[in-house]
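If you want the building blocks of each chain, they are given just below.
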Amino acid sequence: MTQKQTKHKKVSRRDFLSNAGLAGCGVGLFSLALSSVVSEAKGKLPADAIRPPGAIEEDVFLSACVRCGLCVRDCPYDTLDLAEIGSTSVTGTPFFNARNIPCEMCDDIPCVVACPTGALDKSLNNIDDAKMGVAVLLDHENCLNYLGLRCEVCYRVCPLINEAITLESSANLRTGKHAIFIPTVHSDKCTGCGKCEQSCVLEEAAIKVLPERLALGQMGAHYRLGWEEKRKHGESLIENQHIYDLPDRGYGPSTTEGVAPPSGFPEKTQSGGYKGFKP
Amino acid sequence: MSAHIANGKKYPGASVVEQKGWFAAYKWLILRRISQALFIAVFLVGPLSGFWLVKGNLASSITLDILPLTDPFIMLQSLLAGHVMEQSAIIGALIVTAIYFLLGGRVFCSWVCPVNVISDTATWLRRTLGWNKAGIRLGRKTALWIMAGVLVTSAITGTIAWEFINPITMLHRSIVFGGFASFGLAWVVLAGVFLVELVGGDRIWCSKLCPVGAFYGLLGKFSILKISARKRSACNDCMDCYAICPEAHVISPALKGEKDAKGPIILSGDCTNCARCLDVCSEDVFEFSIRTRNNLDDASFSKEGAEESTKRAA
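Residue numbers (my numbering), protein chains in the order written: chain C, 1 to 279; chain U, 1 to 314.
In short, the hints are calculated from the structure, not lab data. Treat the numbers as computed from the prediction; the structure is a model and nothing was measured. Where a beta carbon is used, it is the ideal one built from N, C-alpha and C, also for glycine. Take the hints with a grain of salt, since some may be wrong.
As the list claims (entries may be wrong) - The list that follows gives simulated cross-link-like pairs (lysine to any residue, SDA-like), each with its CA atoms no further than 20 Å apart:
#1 141/U <-> 24/C
#2 122/C <-> 87/U
#3 221/U <-> 289/U
#4 44/C <-> 91/U
#5 122/C <-> 66/U
#6 122/C <-> 86/U
#7 44/C <-> 158/U
#8 122/C <-> 91/U
To be verified - Only some residues are given here: those of chain U computed to face chain C with a beta carbon under 8 Å:
#9 61
#10 70
#11 157
#12 170
#13 174
#14 186
For reference, chain C alone in the conformation it holds in the complex (with noise of 0.2 Å):
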């Protein structure tokens, strides 16, 4: 130790800095190989792997979840898990899958409660406000409801019926008389809790949950919506505005002077268009 000692204080200025940048080297080589593990495992999460409630955005959710899995143990229902080693979520991570057990959301939220990292952030205190996904109806082709028939399980079993998904009618044009009763989901109501998934009756669910990154498209920041931009202006922005009404071809039969239209179709303006029709 003395002898160490002694030795420590004669370490010169170049040995230091030569052992400081070696150290420093291999620092760098550790975090280079680590990094590259980490990058590879990060977001591997798959569609059918959902978050529990409240987890917070997936890019940070590494930072936080130390992967204790108490959200799992307070869980009622054995709803979550741990991803195995090897599995295709990132090893650890608590997640559920919808189709075999779904959250059933509870009032109190145990497995939010439960995390003692602000993994699952705790500000979420009404579980109707949960994200977990968005239900998706997918499979247009083999939905019941879709082919006219009446199953509509999903619409039955969702906790927030009538809210996050209603049923939209549509006239049935293959037997020309009845009506289609589309399952269609509200993403600002639907939390994603899988209870649709689960219950469809086909032996793959034509509804899924998926994360929201995969269940939404999203609108160019500069979109507009006409009628919506009304509403909020309380009367339409173009109203009195000089508006361009060129003739339209191919709108209507062809009209020939001194030769009336038919019946019902709209009076022709000066300019050649159709009164009353506005872009």
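Given chain C, work out where chain U should sit, using these hints.
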């Protein structure tokens, strides 16, 4: 001198077995194995019986729904990744830090960590098969570099980086959550660590690579409970403690420190307080003590013992 020096093939602690019986030579090892088993068993009480004694795993747990415990190294990585944990985890990490501050930093390694059993087994096999020289030698600071690398990686990638490959938590989690039935690839991790320890080099994983051990080693530089070579004057140079010690370099400064006017306490943070030196020493040189009892006169000299040993040596 003990007979086993003459017979080089004898194992460390053989003289204790001869003089005091088998149990005396393995007492602390048995206690450690019990402790390591307990740290798995307490987590299994809940899943097996429904009475939730301890929930979670070594990364973070809660005992009887009151006592939170969190791995401070994991919390440090999380902090560097940009996440501030909630109160219960912070309290848990402080409690764990306080415990290891009291009991010795690397007490985690020898009394809690399940990988230690693998490492000990591999080391025993190396010794038995005469493979001691196999593998590579790494500097003692390597684990510190790796620890620094883990922290850098956590900061760069915004993740708790070590948890992607940490065999300790992988094993513990697989046992506690999966049970051995669905142990799956945890067997591969287990076999990997075992082989690395067996042929990679002497204690290469636990002493030279594992950043968790390095972290607790830093804590151990300040911890209270230490091993003291109090009766170092009774040492008969049988070298058994060096042979059995997982961090043999920690012994000399204390055991042979008298000539340099050093106290008898093993101060190095690398010491895991595994107490195997207590087991194998036929002269009872070592005992548990606290770091402040490190004056020269704290190394007591038992005259009777010394005379005995001199007699035996003669």
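For each hint, the structure was consulted:
1. 141/U <-> 24/C: holds, 12 Å
2. 122/C <-> 87/U: holds, 12 Å
3. 221/U <-> 289/U: holds, 15 Å
4. 44/C <-> 91/U: Distance ~31 Å between residue 44/C and residue 91/U Cα, so the pair is violated.
5. 122/C <-> 66/U: Roughly 18 Å separates the two Cα atoms, so the pair holds.
6. 122/C <-> 86/U: Between residue 122/C and residue 86/U the Cα gap is close to 9 Å, so the pair holds against 20 Å.
7. 44/C <-> 158/U: Given that 20 Å is the threshold and the Cα spacing comes to 15 Å, the pair holds.
8. 122/C <-> 91/U: The given pair, whose Cα atoms are some 17 Å apart, holds under the 20 Å limit.
9. 61: holds, 7 Å
10. 70: Holds, about 6 Å.
11. 157: With Cβ-Cβ at 5 Å, under 8 Å, it holds.
12. 170: holds, 6 Å
13. 174: holds, 7 Å
14. 186: With Cβ-Cβ at 6 Å, under 8 Å, it holds.
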